[in-house]
Amino acid sequence: MLLPKFDYHEPRTLEEVLLLLSELGGNAKLLAGGTDLLVRMKLNVDRPSHVISLEKVPGLNEIIPQDRHGVTIGSTTTAANLAESELIIDRFAPLAIASSRLGAPMIRNRATIGGNLVNARPAADLSPACMVLSANLKIKSLNKDREVLVNDFFVGPGQTILDPNELLVSLKIETPPPWTGGSYLKLGARKALEISMVNVACLLTLQSADGPIVDVRIALGAVAPTPVRAFAAEEFLIGQKPSESLFKEAGSIGVGMCSPITDHRGTMEYRCMMIESLTHRALQQAYHRALEWKL
Amino acid sequence: MKKIIKLTINGESVEAAVEPNRTLLQFLREDLGLTGTKHGCGLGDCGACTVIMEGRAVNSCLILAIQAHGKEIITIEGLAEGGRLHPIQQAFVDKGAIQCGFCTPGMILSAKALLDRNPKPTEMEIRTAISGNLCRCTGYQKIVEAIESASETIGSEEVS
Amino acid sequence: MNEYSVLNSRLPRIDAPLKATGLAKYADDLKFPGMLYATILQSPVAHARILNIDTSRAKKLKGVKAVITSKETGLIKYGVSPARYDETLFAHDKVRYVGDEIAAVAAVDQATALEALSLIKVDYQELPAVFDMFEAMKEGAPQIHDDYPGNLNAEVHQEFGDTEAALAECDLVINHTFLNKRQDAAFLEPHSCVAIYDLDGRLTLHTSTQVPHYVMRTVAMVLQIPVGNVRVVKPYVGGGFGPKCEATPLELSCAFLSRFTGKPVKMTYSREQVFLHSRARHQFFAEMSLGVRKDGTMVALKNKAILDGGAYTSFGIATVYYAGSLLGGPYKLKSMKYDGYRAYTNKPACGAQRGHGGVAHRAAFEQLIDRTAGELGIDPIELRLKNIMTAGDMTVNELDMSSLGMKECIEAVKEHSGWQNKKGKLRRGKGIGMACGFFVSGAGYPIYRSDTYHSTVVIKLSEDGGTAIVQTGSAEIGQGSDTTMAMIAAETLGISIDNVKVVSGDTDLSVDLGAYSSRQTLMTGHATREAAEQIRGILKRYLAQEMGCTEESICFSNGIVKFDGQPGNYDKLRSHYIKEHRGWTDQPSGEYLTFKEVARMTYLKDGTLVGTGKYKPPRLGGSYKGAAVGTSPAYGCSAQVVEVDVDLQTGEITIENMTDAHDCGLAINKTSVEGQMQGSLSMGLGECLFEEVKFDSRGRIVNPSLGEYRIPTALDMPNVKSIIVESHEPNGPYGAKEVGEGAIMPTIPAILNAIYDATGVRMNELPVTSERLFLALKKQEIA
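Same order as they appear, the protein sequences are chains A, B and C.
Counting the first sequence from 1 gives a position; this note's numbering is that position plus 338.
Counting the second sequence from 1 gives a position; this note's numbering is that position plus 22.
Counting the third sequence from 1 gives a position; this note's numbering is that position plus 36.
Note that these hints are calculated values from the structure, not bench results.
Positions of the beta carbon are idealized from the N, C-alpha and C atoms, including for glycine.
Misleading hints may appear alongside valid ones.
[As the list claims (entries may be wrong)] Derived Cβ-Cβ restraints for the label pairs, each shown as a range:
id, chain 1, residue 1, chain 2, residue 2, range
1, C, ARG463, B, PRO141, 36 to 42 Å
2, C, THR690, A, LEU425, 29 to 35 Å
3, C, ASP234, A, GLN497, 55 to 61 Å
4, A, ASP601, C, HIS128, 32 to 38 Å
[What the hints assert, rightly or not] Below are the BS3-like pairs computed for lysine-lysine, each with C-alpha atoms no more than 30 Å apart in a straight line:
id, chain 1, residue 1, chain 2, residue 2
5, A, LYS367, B, LYS24
6, C, LYS98, B, LYS24
7, B, LYS93, A, LYS367
8, C, LYS615, C, LYS537
9, A, LYS632, B, LYS142
10, B, LYS142, C, LYS757
11, B, LYS24, C, LYS96
12, B, LYS28, C, LYS61
13, B, LYS24, A, LYS394
14, B, LYS93, A, LYS343
15, C, LYS815, A, LYS586
16, B, LYS24, C, LYS67
17, A, LYS343, B, LYS24
18, C, LYS67, B, LYS25
19, C, LYS157, C, LYS730
20, B, LYS25, A, LYS343
21, A, LYS586, C, LYS814
22, A, LYS343, C, LYS98
23, A, LYS367, B, LYS28
24, A, LYS586, A, LYS529
25, C, LYS217, C, LYS661
Could you build the full structure based on these sequences and the hints that come with them?
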């Protein structure tokens, strides 16, 4: 398995990255963890003539708490660092859990949150988690900065709204309110080294320990060309008193949002049925975690 | 075009000129002759090429040699000291954790990366730590036992 | 109390320190001065006529040293069984699967060799292809080999007793079908080889193989050079499990390329090429009927097999026989009928894989037994015990169970799994199941017809008498054969294992058919023991003469010599020894004469001390057609209980507990025996739940990677309660027999029976993915 030839760039500042991107654009690929890019290059799916490493750019791989209101996560933060971060585990559970289920330890030690999002694989682990957390993506190019809600980021398999000269710099996530619980579930054949057949992230907020649901977000992966929010199911749940039967019904509503494909990992029919089962279960888990919410 | 890289491998500093498209795995095996790191799939699916970089277990087939510039790398050749096996290696030998041996270097390095951070792991933590290292021979049981036993040995050595 | 000083222990493997430190060399680790790198051009289409091959541009590329096609290598047919040689190294008239080899290139580096491949132009005229075994056997299907009309590669018809009549008289007959999928051995080390053709016409191949001997024979035949001019050296091998049991296009290409260039030539398959070469587990369709009496007595078994062979025969003839013969036991049957068919399809050839030919049909049979038990209202364990064979029984197809701890295995797993408290008492979703199985301990006959010894061994003592060097052509592939031979030699010589060194896997050292059909412990073990006994005999004769005692009074043990259990009066010998070693610092001083002293003194008299041993099985089995397949000097057997947890909402299966008992005769090394047991169960678990090589509509493999072809990870495989049952095998060295393959036999059906217990759903198609089980659960709900 040989890598094709390419020119290698190792910019030392964000400005240098943006300059290179503006010059090389579509001929260049950004290298972060390399766990997707290098595989695609070995398999001849990607043949960039330039590879720009983000390794030496300072500050891109940091998890920075924003007072008590939120967190900024640099785009080259690894899945391992997210999975191990106390802050992420405590307040942004879907992201911590999804990070801990990505691939296997060696992959998690390299794979980055930015890479996972930018590659835009429908089955990516971190996308649904970012979606329920309503992450705001900070995107930069040489002459433009913009912020985009992660929900609006994905266009299709492997496609995002990023222009070739743009860089995903960081994610900003608001800390969920009290009485919030989150979950992430992944269905695959093995218990590690898996690509999801279906995955679900949930974030559920109660008014109080015994109050109704005031906010809920459900995002599903591997069930459509992009990860999707199950808005209908969310609307159905808001204002309701949590119950087993409620979650079950929400699961069946969730299926409506999806258009899964049949491939060698699983059929459309099965994926639809699993959306129902997993959504139901993810809601239950999020609800139980919400009940355990601590200041 | 080749670029000069400087890195530390098993405590020794190494300087070499490498093509950008050379993986760390190729660099170790072919340029340095450190063939203890194995090539099983080339795609990060099997873990046979595991090395420790900056304290973390990584697949050396998915890292460019050039990315290892300035880094500290440990390969399987760097564990035994003065002709004495590292306690993890000794435990693998004693517990029958080795059959064909092809996954062994990667498996031992994943175990080392785990024990360096978490000296007293649970069985589940051990299994998770080696879940990216495939083994087709052993069914993993004796490997898990070996890592448990090494954890005890290292613990007691540190106390004494 | 262990009667042995070395055997039946838990000594660490002798190769473990080398492997733990990364110093053990595998084929791809080897490097020679001037070495070239080779690659193979493989067909991108499944079935096509080759109109033209143009290598001119590839030859002109800078750095390319040789490009070869069938024009250069000739069209000598080879394969595994001489009766079915149907491969040539390179396709010349047509290609028969995606991956069929067309040309090979040697160049200064791999990148150049790969670039050269892209410059070879092949004109194909595509032909209709057939990928399904049932379709392949239908009239009008595309024909893959002219010599085999109807794509029928082999058929087998065997009957013992009058099966139809016996079934007609049964109180209960249940029919069952079962379908597995093509699987891959997924060893971690891809095939790799370095060929070095010397100026004196000698070819040395360093190659990752289970069978140096057969590789040597095939390479000599295809290159048309004398067998004596080919030396095959096996470095350490990263797993084989069957598919590394035959010469490969990789080895043959390297050999030719080295001959043409005069340089060492290396080639290593990519993981994708490992899948394309395949030679792994066939797809089987089993159709079976079991007839029993009301009391549970088994009477008759009717068994039909259809195998998807892929484009070539490989081991397939043996495979299709095994699918029938290995159901002869371990239950007593009055009659058995078997019809087997192996079809050619336009896919990579299938061959031997752990539990060769037997795994799928064993799975079907053991499910059928559970179904029968259910119908009769008998506990599945009781039904098995009622029909179980014991040592000395002969199967209906004349397999001689010279030792058989099957009953003991069943009782052991019943007890250790807590069967009594669980069977029928678990909540829905939780289930317990069991199954049995057995396997040969070495095929009774070589692959080619011959009276050859299956194994010869040479043991040489070092000149100081302190070290025994075991020289054998046997193949350490990870199973531990080197350690086994060291232990047998040490036990027989009466010395410590520290004083035994093993050199193995080299055809220059001895004849050994290699590591397949679980033969090394029994066959090479016999030869090792005989060679060690010969040396012991020489030493005893010398001692008897010098000491004036009988040979019978002398005993070697733990490195010392006793005479009728006493130190004896050896003053003369020792003073002679000490005089001989004036000035040396390691003079003997103990109470007893040492092995080393005796060996040194014998050497001074007779020269280098060498013992040779040999083994071939006695004439075995029946005289019917195909009787050779399934015969063995001994049979290992196994019983397993599996507990599963089925997630009823998703169909996901978690294997919670596995209890395994295996009768391996005397366990030479208990740790290694457990290692084989646990590894077998892990492979069985993977094959049952995850593993399937999938193809698209044009015959291309969809999942040729270890990411998409899923073998169990450490999180999928539970700990196994491993119980070693030790019968005494009269035909084994020190009573030992196999463990490497028998242990996989019960795994799949035990899981399937447990899933049935958990859900009431009978799964008869593999792999039991969460989807397959969930849809079956849905169907059950509707019904």
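Okay, the hints, checked on the actual structure:
1. C:ARG463 <-> B:PRO141: 36 to 42 Å: For PRO141 of chain B against ARG463 of chain C, whose Cβ atoms are near 39 Å apart, the range 36 to 42 Å holds.
2. C:THR690 <-> A:LEU425: 29 to 35 Å: Given about 32 Å between the Cβ atoms, the range holds.
3. C:ASP234 <-> A:GLN497: 55 to 61 Å: holds, 57 Å
4. A:ASP601 <-> C:HIS128: 32 to 38 Å: Given range 32 to 38 Å: holds, Cβ gap about 37 Å.
5. A:LYS367 <-> B:LYS24: The hint holds at about 19 Å.
6. C:LYS98 <-> B:LYS24: holds, 20 Å
7. B:LYS93 <-> A:LYS367: This hinted pair holds, its Cα atoms lying about 23 Å apart.
8. C:LYS615 <-> C:LYS537: Cα-Cα ~28 Å, so holds.
9. A:LYS632 <-> B:LYS142: holds, 28 Å
10. B:LYS142 <-> C:LYS757: holds, 24 Å
11. B:LYS24 <-> C:LYS96: Roughly 26 Å separates the two Cα atoms, so the pair holds.
12. B:LYS28 <-> C:LYS61: holds, 27 Å
13. B:LYS24 <-> A:LYS394: holds, 19 Å
14. B:LYS93 <-> A:LYS343: holds, 23 Å
15. C:LYS815 <-> A:LYS586: Given pair LYS815 of chain C, LYS586 of chain A holds - Cα atoms ~21 Å apart, limit 30 Å.
16. B:LYS24 <-> C:LYS67: holds, 23 Å
17. A:LYS343 <-> B:LYS24: holds, 11 Å
18. C:LYS67 <-> B:LYS25: holds, 25 Å
19. C:LYS157 <-> C:LYS730: holds, 28 Å
20. B:LYS25 <-> A:LYS343: holds, 13 Å
21. A:LYS586 <-> C:LYS814: holds, 17 Å
22. A:LYS343 <-> C:LYS98: Holds, at about 17 Å.
23. A:LYS367 <-> B:LYS28: OK: LYS367 of chain A and LYS28 of chain B at ~24 Å, within 30 Å.
24. A:LYS586 <-> A:LYS529: Answer holds: LYS586 of chain A to LYS529 of chain A is near 25 Å, not above 30 Å.
25. C:LYS217 <-> C:LYS661: holds, 28 Å
The earlier numbered hints are all upheld by this structure, with none contradicted.
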